[in-house]
Amino acid sequence: MLTDRILTLITFVPIGGALVVALLPRRGRVIQIFTLLVTLLTFGLSLHLPVHFDYAQHGFQFVENEAWVANPAIRYHLGVDGLSLWLVLLTTFLAPIGVLVSWRAIETRTKEFYFLFLLQQTAMIGVFVALDMILYYGFWELSLVPMAILIAMFGPGKGRQAAIKFFLYTFLPSALLLVAILWLYAKTGTFEFSQLQSLLASGSLGVSSTALAWASLAFLVAFAVKVPVFPLHGWLADVIQEAPTAMAMVVAGKLGLYSIFRFNLGLFPAQSRAIAPLMIALAVIGILYGALLALAQSDMKRLVAYSILGNLSFCILGIFCFALTGLNGAVFQTLNEGVTGGALLVLVSFLYERYGTYDMSLYGGLAGKLPMLATLYVITGLALVGLPLLNGFVGEFLVLSGSFPVHPAWVGVATLGVILSASYMLWMVQRIFYGQPSPLVTNRVSMDLNAREHLTLWPMAVLMLAMGVLSPYWIKAIDGAMSGLANPASLSATHAVPTPTLRAALPAAPVTEKP
Amino acid sequence: MHLALFIIFGALCVAGALNLLFQRHPINAALSLIVVMSSLSVLYLLLGAEFLAAAQVIVYSGAIMVLFTFVIMLLNAGKEDRTHGSKMAYIAGIPGAAILLALLAYIFLSRQGAFGQARLGEYMVSTAALSQVLFRNLLLPFEVTSVLILIAILGAVALARKEH
Amino acid sequence: MTDLHLWILPIIPFAGFLVNGLVGRRAPKPVVTTVALIGSLLPALWVLNLVVHFGSLTLPHIETCGTWIATSGFHANFSFQLDQLTLVMLCVVTGVGFLIHVYSVGYMAEEEGYWRFFAYMNLFLFFMLTLVLAENFLLMFVGWEGVGLASYLLIGFYYHRDSAANAGKKAFIVNRIGDFGFLLAMFLLIAHFGTLSFSAIFNNVAVHPEWQGAGFLTAIALFLVLGATGKSAQIPLYVWLPDAMEGPTPVSALIHAATMVTAGVYMIARTHVIFDRAPVALMVVAIIGVATAFFAATVGMAQTDIKRVLAYSTVSQLGYMFLGCGVAAYSAGVFHLVTHAFFKALLFLAAGSVIHALGGEQDMRVMGGLRTKIPVTFWTMTAAVFAISGFPPLAGFVSKDEILYQAFVSPHGGKILWAIGLLTAGLTSFYMFRLWYMTFFGENRAALEEHGAAVHARSDTRLVVEADPRAGHGHGIHESPKVMLWPLIILAILSVIGGWMGWPEGLGGGNWFAHFLAPAVKAVHLNYEQAAVALATGAANLPNQAPAGSKQIEIWLAVLSTLVALAGWFVAHWMYYLRPGTADRWSQKMHGLYALIVNKYWVDELYGAVIVAPVLFLARWVLGVLIDRAVIDGGGLAAGYSAQGFGALVARIQSGNIRSYAGWLAFFAALLLAAAYFGWFAQFVPR
Amino acid sequence: MIPIAWYLVLSAILFSIGVAAFLIKRNIISVFMSIELMLNAVNLAFVAFAHEWRQVNGQIFVFFVMVVAAAEAAVGLAIIIAIFRARNTLNVDQVDLMKL
Amino acid sequence: MNALRILPEIVLTVAGILVMLADATMAKAASRKPLGWLAVLGALAALGASLWQYSLPPGTAYFDVVRTDAFSVFFHVLIAGIVLAALLITLDSVSDTTEGLGELFALMLFGSVGMMFMTCATELLLIFIALEISSISTYIMAGFRRKSAKSPESALKYFLLGSFATAFFLYGIALIFGATGSTSIDFLAAHAAASHTPWLLYVGLAMIVIGLGFKVSAAPFHVWTPDVYEGAPSPVVALMSTGPKAAAFAVLLRIVYGALPFLHAHWVPILWWLAVLSMTIGNLGALRQRNVKRMLAYSSIAHAGYLLVAFTAFSADGIAAASFYAVSYAAMNVGIFAVISHAGGYDDRLTLLDDYRGLAYRSPLLGGAMALFLVSLIGIPFTGGFFGKFYVFAAALHSGLVWLTIIGLVNSGIAAFYYLRVVTAVYARPAETAPVMSIPRPSLPLLIALFLTAATTLVLGIVPQNVLSAAQAAARTYSSVSQPLPTPAPGSAMNTASR
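If you read the protein sequences in the order shown, they are chains Z, U, P, H and L. Just so you know, we're using our numbering here: the first sequence kicks off at 1 and counts up by one. Just so you know, we're using our numbering here: the second sequence kicks off at 1 and counts up by one. Just so you know, we're using our numbering here: the third sequence kicks off at 1 and counts up by one. Just so you know, we're using our numbering here: the fourth sequence kicks off at 1 and counts up by one. Just so you know, we're using our numbering here: the fifth sequence kicks off at 1 and counts up by one.
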């Protein structure tokens, strides 16, 4: 049955498409259309998951588990739970949008572009569904290559440097990640996530806690770079600046964050808690740092990059407070970042296609010329800064409110981020769209959004609203996956209300509101 | 007698080798080498390797060194210039060679009790005995050597052939 | 339980927003108008329906129509609540809202972004209704942020003007600072109660007298106050409101006078249970209120832009409401909110009418003598001026007097609060009459009659410029169209009689309003046992024993405040009517003081220098250049260069000389042999 | 009666001199000759050990080394001729075109 | 029966002689390319013969001088494959008039005879001769571009330094002979432990490591590598960077694991240091290289280091990992030299990194192939390079070599920089000022070679099981290694049950 192999299908349909792309003629828009169809097919297939997902069950579903290599014991083990479910969906959802946004932006070397694009899809989906450490690591590393090559190929400025920077930043820590994986294998004899989890949890491995701490650190650093977490973000702005939009949309956030959830929290709960104070501090710094630097940028893409840094730091904060609500929020925020950050990059790229620059100081007064684009820009910006009823708010609120009881002071400082984010976002909107039209804007005739661009943006805009209003639909799956990772104390709904001891001693006095 | 022969020809070996080291003309060096090789053949004889002693003179001194001299003549190589292309050879190489010598000498001398004594004529390997092993047990290596020689011929022709 | 479908209330304007927002650009103007008016009229009618059925409801009436956020640890619904307080707010919002919509049809008639304007206005109504109907803090926050958004969009309506765009941005950001407080308050609430539902929290607080004065409640209350100061433009976050006058005048009337800015007051009244348990926070509210009231009034005295005077007046009046809430007289605060909505909306609309008449001129110094030219505007405005200045029996008198009385008698109040409030009342009277005289009396200083439509340069409406020169428009001073005048008239009537529903008992009234509102906002009472517990646990400051006032005091105070109002009027009359040059002379005489006031105490400049500039400096130079470029990028570069440096060292080995290579080989061969023989390596292998 | 160790030391001396000669000689042919010297030193060791163990294999090894040396000499000298043709020099210090 | 055990070698020798004779009989002006095809046929036949040898029962021949077992056959197949690909590459990159083509093909075949003997010999004498065959043939081939100034220099450097190292290797054999009285691997394995002069073994082994370390270009004996690779013709580099290396590694395995496993406390630390130095020096040296062939030379030093890591594991997995790595390295390195020798030609038209800018524009096929091989060299999953590296380091970690693993993998991270620089150059827009390079159309042999190498690279990364089993079977021929292959994961019964 095909549905028994649904995860394999979702994962490998893109790469199959990539192989076909390699054979297609470079004529007209054949390649684009074909890629679009492939991504739509993948998205359609992935819709199978939420429909047939058993929300009452917290374990992995749609599992496929077969031997791949006998020795070392690597298995082809796929599965999704409430955490990966939506990340897979997010990836497949963004893929057709990636094609649409590249429609005009990528006119040369389309074959290479779409080949690598589809390869990247497979790698990303694979990261989310793989349950064998080596299989996972395979997809994880594979995801670097198309990204790096595409940045190098299409980066308008210092594309090659950015590509290499990105690659090294992520590849070097990944090497240590591999050491840790291999070390675990040497100690346990298995690469399987679930088995590792139970073996590590049983504490029967007889390995020193120091060694485990180092192993968990190797995991964490590899993922933190990919997120990125504050001092490790050196690649982010350059990469987002140089990468084609379809790639910039997916370069940060979800892969690293997913991995932290799955592996750091899943395999090393105690070690993660030990390092939590540092991570929380970095997250809070990251929130403010990202926002402040966004405030200082004059290049739109760099601004978006720093804003992404800030927003992703919320996820880190939510993760390392280990409160159930905060964890839910962190996952939700991860999804948000994919949709909203992606939409913002798409919008920025549409501006670039029209005016050929990312420098905000050259813009101005566009609202009158491109009202639809301006509208969607504002909506997206508002979603990004966490306006209620849009998705960003739900994520941020859950993260902050969930984490607050754990670290009131840090979270309080982090909340300052909402002020700063509003500042840079509105300032950006003002510089681009408000005021008198700049010479650049007046001297160039450009149309408002065309049909393709509408098609690119509206699904994201609708999703922002839907996720902002109907969040339980997403969270019901996420919550199940997170309940195993949170601190037990945070599970109960009753909170730290000081229980009045005297009340028990007193006769029950019904309180009446006297009119 | 044995000792005297060893000392004389051993000293000749070393002297020849040192002469090779210090002579600046390749012809002189080649001649020194021939001295070394010839002396060695005597030492082989002392160690009971009569066939080798003969082969040493025939193959080495006779064939190989002739080839060398021939090439020296052919290329009209003169006295070598004392160019200073390499510091590393002096900084690292010569100490390396010295360490090597010291180390090996130290090992062999400090542990000389582990080895036996060579007594003249006590152990002589006849050519027949040698060929017993060579053409039976080690036939395959012997045959494989033909490939090596084939390659050498092929290579020498290919490399030294006049360009057209 | 009857289902009132409260969700329909906000949804209607939202639908109006969607329709106008999506298709309005291409739709003909009448369609836009119709949609917008329906979007504001239907809620008003629905509220009327609620009023009719109100008596038959069990209060508070709560309706839940879906889950918004749900994790195993936290839950928030789309829940709406109807009680007396909500009803009052609904009436104000929908009533005034509808009137201003109607007014706008005339006022904005020639605007290019007509559809946009009404879409935003409906959006605002949607959020405002959500705000007042919300049954939990989170949904309230939706409205709270949403009205901020609508405000941002409307202030920046003339986005091509930098000042408008700046003002919108400033409003949003300053409000965000308040929201920061609101958010923290919510986090604390969740941490302590696990929920954000009003009823759950308030019931919990109500039955815990031992929490009287508890630190966490005080903290929550203070953070809520921070939120309220943002939205309601109180010290220290009032700075955005005067700038917000960049928006079209109806916006100023609806959002920045009548409804949105009162959200803070509404919020305090709504969460009064918490404030009752946090006397410190109450005192803070009262102090902020009275300080703002006085401070803004002083600034208002020297402003020359008609809308700015009104803006500072709004800030000042909101301070009164805060004062009312701060002395635990929530119904008084809310009552002033209602009456203020009437007369301040009226003032703005009338001012808009004046501006309209003058083709966009807002500077009072070039007005004057308009009394006869625009009589309807003059008379309606006169009603409003008298109302706000506190002349009996107009609405402003009743509500303001109630607040001052409560401040005087309340255990939370104090004579100092009352005294400053009274002084402020005099100042209010002064600057309002100053406005009145400068605008309507004296000789006309406007250049308009001579130069036609010359004075529209800094206009907020391009009416004159872009309108076709039909009769009455563009040429000369003219009265506004009827569609603008009717709302003025209705509001004028309300400004006159609106206060009578709360006529104080001390002056022979029944104070129906307070009694009506009491179930919703009356302070928590303690029963005997609870009081005992409170005393035993040492919780001080039991709230709200019955105010120790009396009818005598109330009468005397009323008389006093009327006199003060009269005094203000007289001074204004003397300075701006009898001796028009006096003001200038005084301002020169007291140069320093005048400069202080006219420059708004340099607060904007202070904030700029102390907060904005350092933040930008930090972002650009310290973080951007020093940390990001030098440390983070530089660290990567340094690592790269050092690796390359080692690479160069490796390449140094590669001299190309065979003898060197051999030397290298010989050396390491010797080393390796020695190491192997002596067994050195085994000691140098880290395991 | 000579200790085998003396032969070994002699072989070590010759080998080291060969190494040193490789390092010091400038003429490529001389450098090549020092390699031959090194091989001869090894041969001596082989013969000595063969005597020590009374094993004929050691001598056969030497025989093969001679063959190999001959083959090497042929190839080596051909290479030297080739380099002389290409560069017109036999100085090893001047054959350093490729570096770094 | 004896002859069957050296059938691949015989086939290659015969093919070589045929090529040589045909070359001599052909007209001077005639194209020698048909000879290349003849050589390809010979290599194919040798490949078939090698594979056929899997059906032979393990055993020795010619008085225990050679042994055919899973280990030797594994490397026979590998070497046959390498020489096949190298011949194809040569065919592609040379022209009809290239000088000495017939000799070149013959030398390639003869050289591989030596390499093959190296892997199956169990007598140090045969190993020495085979090593000389493979070395001398490579010395010659390195100098084959006689018109270039660099090629003879390359040959000279390789020759002089190679002979220098050979002397050490030979001295090592002499000392081992001196310690035991035998040069037979089997005898050593059985009796060397009883030697009363074990210190001779230590020193002898160290000398052998020096000699073989030179052949596999392990640091600090790597110095010749960049110069030689730069000057030699690219197709020859394809061969000599893989074939003799694989054979030398096989010899090293035979000696350290087969003959002297009981000395592992001595050679493991030595190889540990060699591995660390090779990885580090190789990668750091490559960082600054702008010349692609030199860069790949440094890279091959580094890869020798990775391979040595497997040795230090001292376990059956270590042997299997080393064998597997040799295959994967051969596939990707031959592959990349196929691209280089096609793009740059026999006479090295393209040398610098910048010359390769925009290669993917001129020829998407070449660009893509180059990217694939580079990605594999980096060690990206689903390529042979990754799986090889993974297996090597898994074996090392399993033996507790944590630091070595960390150093190695960090090194592979650094290495990514210079590989990626090439990848990005290949895919970057060509500089406007650069002269338009003309890339000849890919010929049939090139396509076959690329297909062979690329397919191998991918198969090794995606479905490595077959090769892995073969490598593990090869490892199992070493009974000396006490450590068994790791048992399947605890609860692996659960794995199979859970579906």
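No wet-lab data here; the hints were simulated from the structure. Check the hints yourself; a few may be wrong.
[Said to hold, decoys possible] Label-pair distances were calculated between CB atoms; the ranges are:
#1 L:Leu4 <-> U:Lys87: 36 to 44 Å
#2 L:Pro440 <-> U:Ala54: 51 to 59 Å
#3 U:Lys79 <-> L:Ser443: 48 to 56 Å
#4 P:Ala682 <-> U:Ala54: 44 to 52 Å
[As the list claims (entries may be wrong)] Listing some non-contacts, in silico: residues in chain H with all C-beta distances to chain P over 10 Å:
#5 Pro3
#6 Ile13
#7 Val19
#8 Phe22
#9 Trp53
#10 Ala70
#11 Phe84
#12 Arg85
#13 Asn88
#14 Thr89
#15 Leu97
#16 Lys99
[To be verified] Which stretches of chain P does chain Z cover? Using the computed rule of at least three CB atoms under 8 Å from a CB of chain Z, they are:
#17 46-59
#18 157-163
#19 167-180
#20 250-258
#21 345-354
#22 628-635
All C-beta atoms, glycine included, are put in the ideal place defined by N, C-alpha and C.
List in ascending order the numbers of the hints, as given earlier, that are violated by the structure. Of the numbered hints given earlier, those the structure breaks are 1, 7, 8, 15, 16, 17, 20 and 21, listed in rising order.
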